[in-house]
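Visitor: Residue numbers (my numbering), protein chains in the order written: chain A, 1 to 267; chain B, 1 to 256.
There could be a bad hint or two in this list.
[To be verified] The calculated lysine to aspartate or glutamate pairs, modelled on EDC-like cross-linking and capped at a C-alpha distance of 20 Å, are:
#, chain 1, residue 1, chain 2, residue 2
1, A, K117, B, E250
2, A, K22, A, D37
3, A, K128, A, D231
4, A, K15, A, D231
5, A, K144, B, E250
For the record, the hints were derived by calculation from the structure and aren't laboratory data.
What follows is each chain in one-letter form.
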Amino acid sequence: MTVHKPASSVGIKLKGIEQRYKVRNSEVLALTGVNLDIGAGEFLVLLGPSGCGKTTLLRIIAGLLRPTSGSVEVGGQQLWSGDQRNDAVMQELGVVFQDANLFPWMTIEDNIALPLKLRGVPKAQRRKRAAELCALVGIAGFEKRWPRELSGGMRQRAAIARALSRDPHILLMDEPFGALDAMTRDQMNLELQRIWMESGCTVILVTHSIREAVFLADRVLLLSPRPGRMDTLRTIDIARPRTIYAQSTPEFQTHEIELRQRLDTFA
Amino acid sequence: MSRSASWLITPLLLAGIVLVWEAYVRAFNVSSFILPPPLEVWRATVVLMQDPRTYWHIWITLLETVAGFAIAVVVGIVFGGLLGKIQTLERTLNPLIVGLQVMPKVALIPLFIVWFGFGVTSKIVLAAVIAFFPIMTNTILGIKSVERGHREVMQALNAGRWATFVNVELPNSMPFILTGMEVGIVLATIGAIVGEYLGGNQGLGYMAVATLNAFDVKSMFGVILLLTILGLVLYFLVVMLRRFVTPWHESVASGR
Numbered sequence: 001m002t003v004h005k006p007a008s009s010v011g012i013k014l015k016g017i018e019q020r021y022k023v024r025n026s027e028v029l030a031l032t033g034v035n036l037d038i039g040a041g042e043f044l045v046l047l048g049p050s051g052c053g054k055t056t057l058l059r060i061i062a063g064l065l066r067p068t069s070g071s072v073e074v075g076g077q078q079l080w081s082g083d084q085r086n087d088a089v090m091q092e093l094g095v096v097f098q099d100a101n102l103f104p105w106m107t108i109e110d111n112i113a114l115p116l117k118l119r120g121v122p123k124a125q126r127r128k129r130a131a132e133l134c135a136l137v138g139i140a141g142f143e144k145r146w147p148r149e150l151s152g153g154m155r156q157r158a159a160i161a162r163a164l165s166r167d168p169h170i171l172l173m174d175e176p177f178g179a180l181d182a183m184t185r186d187q188m189n190l191e192l193q194r195i196w197m198e199s200g201c202t203v204i205l206v207t208h209s210i211r212e213a214v215f216l217a218d219r220v221l222l223l224s225p226r227p228g229r230m231d232t233l234r235t236i237d238i239a240r241p242r243t244i245y246a247q248s249t250p251e252f253q254t255h256e257i258e259l260r261q262r263l264d265t266f267a
Numbered sequence: 001m002s003r004s005a006s007w008l009i010t011p012l013l014l015a016g017i018v019l020v021w022e023a024y025v026r027a028f029n030v031s032s033f034i035l036p037p038p039l040e041v042w043r044a045t046v047v048l049m050q051d052p053r054t055y056w057h058i059w060i061t062l063l064e065t066v067a068g069f070a071i072a073v074v075v076g077i078v079f080g081g082l083l084g085k086i087q088t089l090e091r092t093l094n095p096l097i098v099g100l101q102v103m104p105k106v107a108l109i110p111l112f113i114v115w116f117g118f119g120v121t122s123k124i125v126l127a128a129v130i131a132f133f134p135i136m137t138n139t140i141l142g143i144k145s146v147e148r149g150h151r152e153v154m155q156a157l158n159a160g161r162w163a164t165f166v167n168v169e170l171p172n173s174m175p176f177i178l179t180g181m182e183v184g185i186v187l188a189t190i191g192a193i194v195g196e197y198l199g200g201n202q203g204l205g206y207m208a209v210a211t212l213n214a215f216d217v218k219s220m221f222g223v224i225l226l227l228t229i230l231g232l233v234l235y236f237l238v239v240m241l242r243r244f245v246t247p248w249h250e251s252v253a254s255g256r
């Protein structure tokens, strides 16, 4: 039960990202001045008050939203050329949303293997890969179930498996555990750390939980309230693999408190 | 209410209606030409069932209904799919389609008979035209009600229009389409019968008219009984489709 380790991870370069929305006749500046190099294999967490544009930034990197200006470069290739998305870049990305967004008419197995189906991978191979991924995310034995038969945590695990199924170099996650209870969430954080370490992919995760951010991140990018700007970029150098008990070390708490103090100045 | 209770209550309710019918006919001494008592209707039905010609008429009505319904399902899903996917097409064609629906189709029957003859074809066309609309509108509704999150998953996977239609929009529409089909099969049955009423010399609708013209009211009630059973069987067949087509859906899971 291994994730097919990508031959080489891929970094991301964000240059001068700016996003404006038209609301009736006025324009709203949602995000501005984002310049950032995300290293190959890095775990970056986007943190900030609600409405700061962290989800917007993630959606821009996922190719779901074209930035008003600026560029996204993945592994040396531009995500957008004109208003055309670069298919090769899109293949590198796996996205996990706030809701699991599983398709209720597909079994867990078919949901997980959908990205492979779209690529034309034969059924037997898809089934095998789905079984591997179920084992990886801890839902082995549920391959033939309908999504409605699974708990919220298990559905989110399946969504992660789906995002991983075509071996993306980059995993983008938008508050993936926001709807889960605290205990399930702690466990999912541990699992995610393990999956990330096994797969070696680059992860960008959006959260509004400071604890989750410090626990998971190599670096935390704190965004200021609207318009979202890069406020603080903080390196979290706690040794891996981190355990739940790492959260009670003074080192961890210092990171957490200092980030909280910075967030409090926004309020 | 528990399942066993409803199994018991439905026949009781039916028995109650028959009793009230019997009591009414006796109490007010109603003429058999106006409303025959239930027992007479039953006897007439048994006589009808022993006549091989009855089965021929049943077969004709069944054929018209099912053929008309099948056409309505195919055309309804294709049009619904196109109109649901292509906004401009919906805007331009919708007034036309609604206009066609508002038009009383019964008034068109003489025209259909002129166009398609007294045989089964004119009835099939009528059944199809009436059953088409709910299937089409429900298909449109199903395609438009795809959740935003589901669309975004497909966008993030860089899926094309056809892949999105086959994997997401069509399955998402199935519960809606099936609801349209449940309405559609009832309408198709009505369409076939009304068509037979007004033209031709075969089918249960024709039988109803023929028996009435012969003042054989109890047989006419027997024909209506047969028609009701035919309609019920067809309806429940469509309802049962749900279990096979959308086993994933809540309406099946909750034992609807």
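Visitor: Hints first: check each against the structure and report whether it holds.
Guide: Outcome of the hint check:
1. A:K117 - B:E250: The hint is violated at about 26 Å.
2. A:K22 - A:D37: Distance ~29 Å between A:K22 and A:D37 Cα, so the pair is violated.
3. A:K128 - A:D231: violated, 45 Å
4. A:K15 - A:D231: It holds: about 16 Å lies between the C-alpha atoms, which stays within 20 Å.
5. A:K144 - B:E250: Within the cut-off at roughly 17 Å; holds.
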